[in-house]
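K.L.:
Read off the chains here:
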Amino acid sequence: MATVDSVPTASGVDLGAAPRMGRPGQRAKVLRKLGAYTLLGALSLIILFPIWMTVVRALSAPIKYIDAGQPVYPIQPEWDIFARAFERGDMGRHLLISAVMTVIITAAQLITSVLAAYAFAFLRFPGRNLLFGVFIATLMLPIEVTLIPNTETIRSLGWLNTFQGLTVPFLATAIGTFLIRQGFMGVPKDLRDAARLDGFGNLAFLWRVAIPVTKPVIASFAVISFLAAWNQYLWPRTITTESSMSTVQIILRPLAAAAINELNIGTAAALIAAVPILILLIIFQRQLVRGLTAGAVKG
Amino acid sequence: MNRRGRLREALTAYGMLLPSLVVFGVFFFYALYRLIYLGLHQQNRTGTAERFVGFSQFTEVLGGAEFRSGLWISLQYVLWTVPAGLILGVLLAVAAHRRLRGIRFFQTVFASTVATSVAVASVIFFVMLNPIVGYIGTVPFIDLADPTSAIRGVALSSVWQNLGLTFIIVLAGLQAIPEELVEAATVDGYRPVRRFFTVTLPLLSPTMLFLVVVLTVFALQAFAQVDILTQGGPAGSTETLVFKIFRLGQEPVNVSTGAVMAIGLFVVTLIVALGQFLLLNRRVHYGDR
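As they're listed, the protein sequences go chains B and D.
Its first residue numbered 1, the first sequence is counted upward by one per residue in this note's numbering.
Its first residue numbered 1, the second sequence is counted upward by one per residue in this note's numbering.
Chain B extracted, bound-state conformation (with noise of 0.2 Å):
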């Protein structure tokens, strides 16, 4: 999934390398290479092979499966363990309510973020500096320490179980705008200076230069933002006291914990959840990388 723009030398960090230099004989490369490709098989085994056996539990009625002695491929497999899942775990309904969700908050996020980035990066206005560390400050405060009284806040606006409880506490973030004010601080100095001898506003300017110039940046963002907003836990968990209003995250383990000869409707359910992700993950992988380091290669 990661990209690979600066494709390094074989020599390059090779743990498996042969130490020779100069050009190495024909055999020891086909050896080196061979070597390499076990290494990389042994390790894909770690991420690959649990996974598998999800797959190989949703498709074997447990008591078949343990029959015939846990074998590592499916017995008897059931294709229809799927649709028993999806209809058993009411999963049409607790994607819909994920969906909606995520929708909201990225969006939400996309919006306060883009507008405080553009604060931040291009105007001055007193009380700057104490701004932008109020919004430093909320990323002291995650929702595991503020859980409690954000509970109570949504309990007494008679929020419990619904989009709004699952919604508003994120509906702006300071990591969004952080990463936006950064890209904004790299749009070029003369685009401003012409825009604003167009006659430019502030938010023509917003619209018309600066989102474009850091759409990788927002796009980056939008992405993370989204993955990190369906694959919410704690919170969906302790504000949806009624299951019917369950992301799809909360009602895994109610499935999954119902009875070992049930075993094969939670994992199966596992899966299903996890495939929307997967294939958004795919067609996104660029950006989701870039946002996933943009934090960290910066030296």
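Ranges between beta-carbon positions, derived for each pair:
(1) 79/D - 276/B: 32 to 42 Å
(2) 189/B - 179/D: 28 to 38 Å
(3) 201/B - 60/D: 55 to 65 Å
(4) 77/B - 68/D: 43 to 53 Å
(5) 25/B - 198/D: 22 to 32 Å
Since the hints were derived computationally from the structure, they do not count as laboratory data.
Glycine residues also receive a C-beta, built at the ideal position from the N, C-alpha and C atoms.
Chain D: place on chain B using the hints.
P.N.:
Only chain D this time, still in chain B's reference frame:
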């Protein structure tokens, strides 16, 4: 710019910041105020009345057995997830950082756990660690039914789930290392292992510092894994701080205790992250930038 122009610019800025500030005001700063308020007051049994008790509740809760056990379990969780996750992630990235036919396939596989949510990953390991149908359900070191080992079983699902993220970030770090440096070391006759430890790893250190802090914060905030795999059991042996905060928050009489623990979690996270940064930053090589 004239005064009216400056005023207009300031008003525009405040207008643009307002939506964010409203959300932050209610769900961060009012929340922080309520946390401290709850900490200073004690609830009656039904949560309908409260009385001011001052800081006594802070010393009581933060010095008490429950908080200390939660803190210890959370720190164990850090110890079992961060080093293992980091080493495996670096191994994956180093293995996949080469020119080879089909390397994109392996890179995609290694990164793929970013597509699993923590809930999906926990269900996957719920089955893997099941004593009846799980392949590793009866391995003593990670046995979920044994209070002395359950935390490691829970940690295993975290390590696996974070591999994709760690891999992506380390690979990006490796790709940012100038090739000439590694080639120069090769010409100087450095063997691969020595080359890795003397050239690659120091150049990777900013990335590693970032990952240590991020993975530690993740570990201190772990909740879904515990909720799905063990519900805090057996015998409370996997009740991390966040799990305790969640549980106490559900009980009206214990809301204040939960609030104090949340403040404790905040302080611990700050100390650990800052400590790691200060301790490791001296060893980080930022190049000549």
